[in-house]
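Chemist: Let's have the full structure, built from the sequences with the hints guiding it.
Protein sequences, first through last, are from chains A and B. For what it's worth, my numbering labels the leading residue of the first sequence as 1, then goes sequentially. For what it's worth, my numbering labels the leading residue of the second sequence as 343, then goes sequentially.
Because the hints were derived from the structure by calculation, they are not lab data. Check the hints yourself; a few may be wrong.
[As the list claims (entries may be wrong)] Looking from chain A toward chain B, a few residues come up when the C-beta cut is under 8 angstroms (computed):
no.	residue
1	Pro-12
2	Asp-68
3	Val-132
4	Ile-136
5	Glu-162
6	Leu-309
Every residue, glycine too, gets a C-beta built ideally from N, C-alpha and C.
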Amino acid sequence: MIAMLLEFLKTPFGILVLTLLKALVLLVPLLIAVAYLTYAERKVMGAMQLRKGPNVVGPFGLFQPFADAIKMMFKETVIPSGASPLLFLMAPMLTFALAMLAWAVIPVNDGWAIADINVGVLYLFAISSLGVYGIIIAGWASNSKYAFLGALRSAAQMVSYEVSMGFIMVTVLICAGSLNLTAIVNAQKTVWYCIPLFPMFIMFFISTLAETNRSPFDIPEGESEIVAGFFVEYSSMSFALFFLGEYANMILMSSMTTILFLGGWLAPFGIEPFTWIPGPIWFILKVCFVLFFFIWTRATFPRYRYDQLMRLGWKVFLPGSLFYLVLVAGVMLAMGWLPHAA
Amino acid sequence: MIAAIAFYVFAFILLICAAKVVTSRNPVHSVLFLILAFFNASALFILAGAEFLAMILVIVYVGAVAVLFLFVVMMLDINFAALREGYQRYLPVGLAVGLVLLIELGAVLLGWQMAPEAMNLRFAPIAAGTQNTVQLGRLIYTDYILIFQASGLILLVAMIGAIVLTLRDRGISRRQNIGVQLARNAGNTLVMMDVRTGAGIGELRIIRPQAAEPAAGAHDAHHGAHPGAAHDGGHH
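Modeler: In structure tokens, the structure reads:
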């Protein structure tokens with residue numbers, strides 16, 4: 001029986017089934033994590049603002065995310081009469097699907113990535129740069145001026161911050177000498193990149209805030225100016241998919257920060273008491289640490305103005321990351337540390 | 343087998359999308375089909391073993407260029423009726439140009455001879471054991487560095503030209519001067535005053551005049567014009 005099963009898993013169809021199972025094993029915990037991230041955000045922000053946060057549904061309010069989800073499901077999906085229905089419904093699905101798709105290459109432990117491809121970093125970058133389409137299409141298909149304004153803002157914002165994010169990733173790639181995420185983590189065994197590349201780490205974190213449209217860069221939603229921005233016309237599950245997509249993107253960006261700068265699944269310093277804890281636990285702990293900063297930022301800073309946002313992206317981060325890239329490359333070349341020096 | 347099926351599926355979708363880009367009535371739908379076409383082209387790259395090019399295609403064309411296309415097309419107020427006005431008048435000319443191009447293409451392709459080595463190298467011309475990222479890097483940045491730099495310079499010139507042509511600073515925009523803002527502190531910004539009860543604040547002359555708002559630099563000079571003010575601030 002077991003021998004037959006193993007034989008089956010080697011056929012093309014078997015590989016497909018196996019991959020689907022792996023994806024399920026990764027995505028189900030991810031969705032639960034997304035649900036509890038919304039809970040964690042409300043609890044942490046509540047604590048920061050001397051409130052209790054959700055505390056009614058279940059013990060300590062632990063069932064609140066499920067109550068929210070059930071409420072969303074039973075609401076009516078309203079499609080505005082002037083909207084383009086197909087694109088209107090496609091946009092939230094796209095946002096959500098892209099947030100899930102990127103997880104194919106994330107290595108939670110050594111060799112645990114579903115697709116351990118050579119161009120993992122580029123794949124992540126490509127998928128995260130596609131996230132803007134969900135927002136633009138939503139804004140356009142809604143046929144509403146607030147939604148459209150939000151979409152235009154987010155298009156400009158996400159394209160601007162991708163440029164400096166790209167340079168920051170290139171710096172990490174120069175240090176690691178590979179585009180493979182597993183190889184990048186393994187290259188950090190001596191020192192996590194957040195120490196030698198500390199300014200880049202900070203810039204990358206701020207860029208991920210802008211990339212996920214999180215506060216203080218949440219001008220695409222900007223409640224006080226354009227109501228809710230690109231998803232003002234959405235209700236029910238179509239709204240929930242945007243919401244889930246946003247939080248899944250936050251987790252994705254945090255794991256990207258973890259992999260590029262915080263040593264992925266590696267234990268701190270690689271010494272005894274820390275190495276007793278298995279890699280995936282470290283990975284999750286680090287992701288939670290970065291996520292806490294996401295929430296902390298939201299509770300602390302006021303929203304940026306549009307021109308300030310553009311100034312920060314183009315006049316501070318772009319020259320800064322470009323300068324540091326040249327600096328790092330120069331130091332690596334001078335010291336003979338380049339991994340691929342022929 | 344599977345690779346062949348995948349190739350035909352992606353190629354088929356690619357061709358349909360390319361046709362829809364041209365024939366869609368709505369320009370936004372055209373751009374969206376263009377994006378789908380890019381995607382399928384990138385899938386074909388992956389099938390050919392060029393994963394780096396596939397990812398770059400998605401990042402550059404889908405992630406940046408097509409976003410700007412979409413941005414522009416959505417902002418344009420396109421009049422569909424006006425677009426189709428000269429359709430019948432220009433059709434013969436368009437067909438003639440298309441036909442000439444087609445014949446020329448055919449002539450070139452029919453007379454084209456491929457070296458047998460080149461035919462074998464069509465897919466994945468990679469030395470064994472190296473990633474194609476490394477290969478491309480060596481090729482572009484080592485073997486063809488001068489050509490690469492020259493094309494970069496040409497792009498830079500084009501970019502600067504576009505900016506020079508479109509940027510018109512009429513001197514009426516109000517800019518934020520971050521340096522001045524950060525250099526401000528309570529001592530040269532806040533003015534503490536004792537106001538006599540019932541006298542109002544008119545005679546203290548601390549209210550900014552209603553005339554046009556001065557620029558950031560002039561603003562500070564304005565405060566400097568009250569020599570006593572900053573000094574007073576220290577006492578209260």
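Chemist: Next, verify each hint and record whether it holds.
Modeler: Here is what the structure says about each hint:
no.: 1; hint: Pro-12; result: holds, 6 angstroms
no.: 2; hint: Asp-68; result: violated, 32 angstroms
no.: 3; hint: Val-132; result: holds, 6 angstroms
no.: 4; hint: Ile-136; result: holds, 6 angstroms
no.: 5; hint: Glu-162; result: holds, 7 angstroms
no.: 6; hint: Leu-309; result: violated, 12 angstroms
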